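**Q** Chains as they are written, first to last, in the UniProt record's numbering: chain S, 1 to 444; chain C, 1 to 544.
Rather than coming from a laboratory, the hints here were simulated on the basis of the structure.
Treat the numbers as computed from the prediction; the structure is a model and nothing was measured.
Cβ coordinates follow ideal geometry from the N, Cα and C atoms, glycine included.
Fair warning: there could be bad hints in the mix.
[As the list claims (entries may be wrong)] What the simulated footprint calls covered on chain C by chain S, stretch by stretch (three residues with Cβ under 8 Å from a Cβ of chain S suffice, anywhere in the stretch; the number is not a length): (1) 72–85; (2) 236–249; (3) 359–371; (4) 452–466; (5) 474–487.
In case you want the letters, here they are:
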Amino acid sequence: MAILKKEEAKALLQKVLAHSKADECEVSLRGEEGGNIRYARNAISTAGDIDNTTLSVTSYFGKRSGTATINEFNDAALERVVQRAEELARLAPENPEYMPLRGPADFKDSKTYVPATAAITPDTRADAVAKSIQVAKEAQLEAAGFIENTTSFSAILNSKGLFAYDTDTNVVFTITTRNSAGTGSGFAARGYNDISRLDTLSATKIAAAKANSSAGAKAIEPGKYTVILEPVAATYMLENMFRGLDARNADEGRSFMSKPGGGNRIGEQLMDDKVTIYSDPFHPDLPASTWNRDGFPLEKTAWIDKGVVKNLVYSQYWAKNKGVQPVPQPSNIIMEGGNASLEELIKSTEKGILVSRLWYIRLVDAQTLLLTGLTRDGTFYIENGEIKYPIKNLRFNESPVIMLNNVEALGKTERSISIESYRSYLIPPMKIRDFTFTSLSDAI
Amino acid sequence: MKRREFLHYTGLGLGAGLLSQIPIIGKAVPLEAPWYTIDVAKKKELADVALNAARSKGATYTDVRIGRYLNQFVITREDKVENVVNTESYGIGIRVLANGSWGFASTDQMDKDSIARAAATAVAIARENARLLTTPVQLAPQKGYGEVSWKTPIEKNAFDVPVKEKADLLLSVSDAAMKGGADYVGSFMFLVNEQKYFASSDGSYIDQDVHRIWPTFQITKIDKATGKFETRNALSSPRGMGYEYLIPRESDKIHGVTTLYRDRYDMLEDARQAGTQVGEKLKAKSVEPGKYDLVLDPSHLWLTIHESVGHPTELDRVLGYEANFAGTSFLTLDKWESKKFQFGSPLVNIVADKTQPGSLGAVGYDDEGVATQKWDLIKNGVLVNYQAIRDQAHIIGLKQSQGCCYSQSWSDVQFQRMANVSLQPGTAPLTPAELIKNVERGIFIAGDGSFSIDQQRYNFQFGGQLFYEIKNGQIVGMLKDVAYQSNTQEFWNSCKAIADKRDYRLGGSFFDGKGQPSQVSAVSHGSATARFNGVNVINTARKI
Chain S
1 MAILKKEEAK ALLQKVLAHS KADECEVSLR GEEGGNIRYA RNAISTAGDI
51 DNTTLSVTSY FGKRSGTATI NEFNDAALER VVQRAEELAR LAPENPEYMP
101 LRGPADFKDS KTYVPATAAI TPDTRADAVA KSIQVAKEAQ LEAAGFIENT
151 TSFSAILNSK GLFAYDTDTN VVFTITTRNS AGTGSGFAAR GYNDISRLDT
201 LSATKIAAAK ANSSAGAKAI EPGKYTVILE PVAATYMLEN MFRGLDARNA
251 DEGRSFMSKP GGGNRIGEQL MDDKVTIYSD PFHPDLPAST WNRDGFPLEK
301 TAWIDKGVVK NLVYSQYWAK NKGVQPVPQP SNIIMEGGNA SLEELIKSTE
351 KGILVSRLWY IRLVDAQTLL LTGLTRDGTF YIENGEIKYP IKNLRFNESP
401 VIMLNNVEAL GKTERSISIE SYRSYLIPPM KIRDFTFTSL SDAI
Chain C
1 MKRREFLHYT GLGLGAGLLS QIPIIGKAVP LEAPWYTIDV AKKKELADVA
51 LNAARSKGAT YTDVRIGRYL NQFVITREDK VENVVNTESY GIGIRVLANG
101 SWGFASTDQM DKDSIARAAA TAVAIARENA RLLTTPVQLA PQKGYGEVSW
151 KTPIEKNAFD VPVKEKADLL LSVSDAAMKG GADYVGSFMF LVNEQKYFAS
201 SDGSYIDQDV HRIWPTFQIT KIDKATGKFE TRNALSSPRG MGYEYLIPRE
251 SDKIHGVTTL YRDRYDMLED ARQAGTQVGE KLKAKSVEPG KYDLVLDPSH
301 LWLTIHESVG HPTELDRVLG YEANFAGTSF LTLDKWESKK FQFGSPLVNI
351 VADKTQPGSL GAVGYDDEGV ATQKWDLIKN GVLVNYQAIR DQAHIIGLKQ
401 SQGCCYSQSW SDVQFQRMAN VSLQPGTAPL TPAELIKNVE RGIFIAGDGS
451 FSIDQQRYNF QFGGQLFYEI KNGQIVGMLK DVAYQSNTQE FWNSCKAIAD
501 KRDYRLGGSF FDGKGQPSQV SAVSHGSATA RFNGVNVINT ARKI
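Only chain C is shown next, with the shape it has when bound in the complex (with noise of 0.2 Å):
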């Protein structure tokens, strides 16, 4: 799902002025269309044009990619279904190595003639790119793997699931918040299937079936007598998963000050909480700044995972190739090399993990035909590993890429992004109820808020939608205008507890974005709740 697609269909756009003439992607397909794949034999001998093609023309890799990704968007605004649309974008992106360099093209025009045409451009492009090469690209070895098959675990398949069943769920979210006490609700639902097949000149065709869901909303109070509003976001996170994830079950379920959801995601609870809590939050005491041990909840810490250790960790980061857009990695060759690099304390362990299941990064192979791994990227509190694809392995000494290839399309060229990069639980046992009884001043945090970080992943300040105040031991109440600010390395070094593994959830994103031209891929960071000492909280209030 490509973010100007997104922002189109959702109207998160507009409001936005100069967004508005964002294009609309894809071609639509009748609500109720029957869920169905394009036969993969058809696809092989399409994918086999493009290679004999680009092999004639002199290429000496080829890697081709036929794409054919559906997208639907439910989305309800009150008491009102705002808008419904199905999309489908189906295409082709021929990948070559010629003269040592990379060339790239693509077509939507299925036809044999079309696709060689492409395959031709492609390695005249490469050819082109050669006089500006300093060093050709160097290929890590990959297997051919011939004909395999990968689909995400999914019991219910949410494109069969009929669009009134999903447009009055949340119209009854809406119901359930505004009975709260919530004067706005706007509620989403957005459904991908990448129907994706890979072919490389190594040997490999692979056919896989990518399914994701995002279920959310944002609920909205105002004080009309002093013009201050609140809003509360849904605790829900996107998930590698079909339908099941919206049929709750109890054992799923967290129960405290809020409740928390693992893998099924209760829709309806959870905006009756919010428009309960939104309430609170307006009449929530300010807080006062200073330095406060934070507990953060999976809801809320896998933001600061994924921009404080996900991208650091990039080695196309690393080596500078984001250097103008998305910044470079303070965590640079030396430090890996030095084996003894202090990233965190010695409970943080971060893994790389490309094979999770009801993650959003969870595939079979990646995008350059590698099958998908688990690795170490922080043993210890040490760095140890980066993430990389097949033109960066060498430089870090690996025999093979670890898999971290991805494009948003078939119609975008394929770079590194990140895997699904996880905390570790604590393997003493510890509940997130004993780990706040050791707090004297702190807070707990649940739910994603406002995020940035520098261009090294240094210095970074976070918000989140719930914050309670901790006093020796017990939550006391609830606080707005939170924000707190750290460096990585000292944020890390400061986690003094992470709780067991009966505590462990997914958080992510739908749209982490990188490159240019900019892409997303969806990806997810799993914890346990944890505790961060003496972090610096700052005050967001102002007046304009």
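One chain only, chain S, in its complex shape (with noise of 0.2 Å):
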């Protein structure tokens, strides 16, 4: 099925709509198209074309609830899904924390969508992809890469009359580029809502220019030192905070955000007063949702403001039950940045490590949010203002909450994709001290 406008969507829910017998029922669609290509030792290894439409009802009998998807279309798929849902809310037990369906609400157009990157096509990718693997050719290096783009739409109708709609388009590109001898490697990561910003050509070239000045690292005594993280590096890490941002599990006391003898750490210093962070649907260089899956409006929200705690994700039900109004979930998050750039934030430090990417972050403790994981692709030691060379990578354990009280320094801030989940950021390269390094890696 191709990607709905919002007056199909719209007439295609009311059809569904039309067949619940339902106390409440909520109809939903989404759906995507696109495509992929991956590459590595400079040929493309595997490709594919995407395609999915799913449409999902809930229903609701009094306090219980069924959901019930499915993908085909025709009148009779749409009678049977409804029928499904209904049988599922008969089946299950009543669930206290059922909160009534919301009624109809204004939304704003997102600015997500832009045509030149719905317009993509196999060639295109194909194209870009073989912009990046010349320029791997001609550095003599062997390149491993993956391109994806998607166009997608969502919709929501329910029983009392709430209608929201959404499209957008993405596309993102990750670089590898090692040596043949296997002694240097870099990396680089893009991801845009609009495709005209999309250089594979020069993002190559910076992973090429790692990988050929990482070669020959040399061990250095793990340890507390002052980083750099350039961005990616800085979201890969910041993204486990952020999905930590929840009322509910603070305020039962199992979150980094609970308070010792109750409650949640709103209106304290948690951070360094250089630390603010938000979310903004509207912000032109990370647009993003408008609405959320419970039907509210999403609207500019302050997370963290110089420091202190402004806000948790409060669930209608766990609002309800704290007597306060109700945070939904954001759609994007964004860091304030400083004015340096990073080779400023590099002139800047008498003895440091240059962080290019971090990997296989994984949570050690959620009491403090302490994190493990390893500098990757390309980390270089500085002194007297100068990367002086590279070094062997280093397992960190630290936690992004230690981390952003230690602030230094924010670079300015840039979009950036985290690359376990593709989800794009705007974060500011960060100098951080005492950054806990805890032993050496030999890998490349």
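Hey, can you piece these two chains together into the complex? The hints should help.
**A** Following this line, the structure appears as structure tokens:
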């Protein structure tokens, strides 16, 4: 099924809703199309096309609910999926945390759809990959990379009259270049709504320069160091913290946002006053969805303001339980930066480590949000404001909360992606003191 | 089962803010729908449509996977059933070789015209990709098996067990844990049935019915005065079994400081223990960092085997196909060619085995129509082999594939995935208790916890669920804040004792991630309790 326009989606959802006999019913559609190419050893290894549309129906009888989904759209299938949702709802036990569906609301249009990205063809992807492979070959390196574009839409309609629609486009590109001796490796990652901003040639050149300059790495002693995290490294580290901004977990006492003795840390100075983190679906450099699945409009929301916790996510149920207003989950995250360039951050560093990318970050301790992981694809020693030599990769054990208490300086915020979720963020490069490395790795 | 599907239905992505817009995957089916399979003659007819269409467009090789994937999720939280979901996904994936290059397309429109169109698309993609080809794909020969079938040898189909019975068990688990002192309990049951039909231009028509089960929980206790909290996860392992896994047998229990389980799991008993142990964890002594002899239970060691042996012996990583994401491998071809790379101590024998009963990776044939097998990876400590598929076999001189190809669904392209990789038990009689008796300063670790390893699989760090201090051959109490770090080769060379086959057990995961776009695979790892001398232990306690 093609990407449905707003009125087409609404018409289909109304047709589905007409079959409902439940007390309340919510129907939603999500569809995406696009494609991808994966390459390695300077040649394409796999490629595929995506075309998926799913209809979801949630029916309510009192406090009982059931959900059914389907990817067939003939009349009989539409009727059947509603019946199945109602069967499930009748079988389900009552949910004491049930919250009634929300009524109509005005949702502003998002700025996430770019026609040029939606027009990408297999040729466009192959051409972008060809440029990247050519750069690698000229630099006598081996390239392994991935490009994926998606165009998607989502829409919800419920029996109380709430309707919302959104459409967006995305393209992500990641590239790793390695020398034939296996002694040097470099990486670059890009993610945009707009394909015209993606330059696989220049991104591969950056990865190639890192690969060539990271060869011959020296070992240094693990310990506490001043680090400069490039945005890709900082993003992966912070994404783990963004996932924990939930009020219920905090109030229940099982989160780094829990306050000893009970309650959460809203209002507490938890980080350095240089740290300000917020969401804004209308930010021109990171447009995002303007509504969430529960039918709440998304607006600019402060999470950390000058180091103070301003908000946590409150579901409808938890907000009612605590007597506060719901705070919906955000659709994007932005961290404010400073005015310095990455080069200026390096220049201002007497002794430190430049980190290009972090890898295999996993939670060690939920209480303190202690994470472990490693540097990868370009780690360099800085002395007297200059990159002196490449160093071997290091394992860290560090909490992003502790890290954001040790901020020396922030660079200019830029669009960056997480290398695991492929989500885009606006994150600055950051200079952090006393970042804890615990062992050396021989990996390149 | 796709990871995003798991996250969506279990709510484990909730509170995870930015994961909230994960789409729902698959079609729902009624909760108590009778379990059935699709007529094999119908599948053969559809497969032949794809094979013929691809050949007519110029494909020199074609394989077709018709998949019907059923999942069931039963999810409880404390005294509430949070969600019960059935899903079904049905469709066809077609992979072709044309102009020496791979192409792939899939569709869920199971009419003959749509299938023929998908086959033509796969050929067109292969031709487009061929312009960036450096070496044509070289496929290891594979005989056609004709019409054959295979089924996971289950005793009780978990999809036939009433949902209420499963929900009642999980609610009893919560009750047992809360009575033991827990503040919060989340318990889950995940059932998987992959009905897979494979056909290829080699002449194979393979019908398989694969079953998996994963019952698990997480228990949390909070010390309200200090604000400290601890968790204890289930000591179950996901298995390639039916509901019989949840029917306890005394003969499958190993009693000690905690009870451990072989081929049957007593979920209620484990929850009762966990409810008590999570309180003990809160009061446990924080570990003093330093070198310890580690005694690792199979419920823990499976993950170390997975990360430090399973992944670096995957040939696609060795060759660089995962370089942009999951990484490469320190086990380069020259180390294998030397025939003397001492991966571990002479006690260390590690096999890959896609035939192991009860394991997650057990199937009769892989996803490119190769009969599964068992082979040595590490023999007496020396690297002797890798894990390979049909387009890699020639690189290591194999005449046929080792049968490691897998795709998470009909809609994803198949590629090389890990076989069950297991440490063989010791040959001399040795029990875990006898093994601990010889340890002066050590830690016994049970259950899997935090895990991280570098992109070439040298440097790793692992946590766990339960940590017990060993002094002069005796377990003297519980520790917390424990993680150990090592280098893979040093670690396996520090292996100084392995209990015998009486202690051999399987652990594993439903969610081994790899590839771009990322796919998950279910895999098991077996071992007996093993001892590793002089491993570096760090203290993970911090203050914020």
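**Q** If a hint holds in the structure, say so; if it doesn't, say that too.
**A** Now the hints, each set against the structure:
1. 72–85: holds (count 5)
2. 236–249: violated (count 0)
3. 359–371: violated (count 0)
4. 452–466: holds (count 10)
5. 474–487: holds (count 4)
Comparing the model with each earlier hint shows violations of hints 2 and 3; every other hint is respected.
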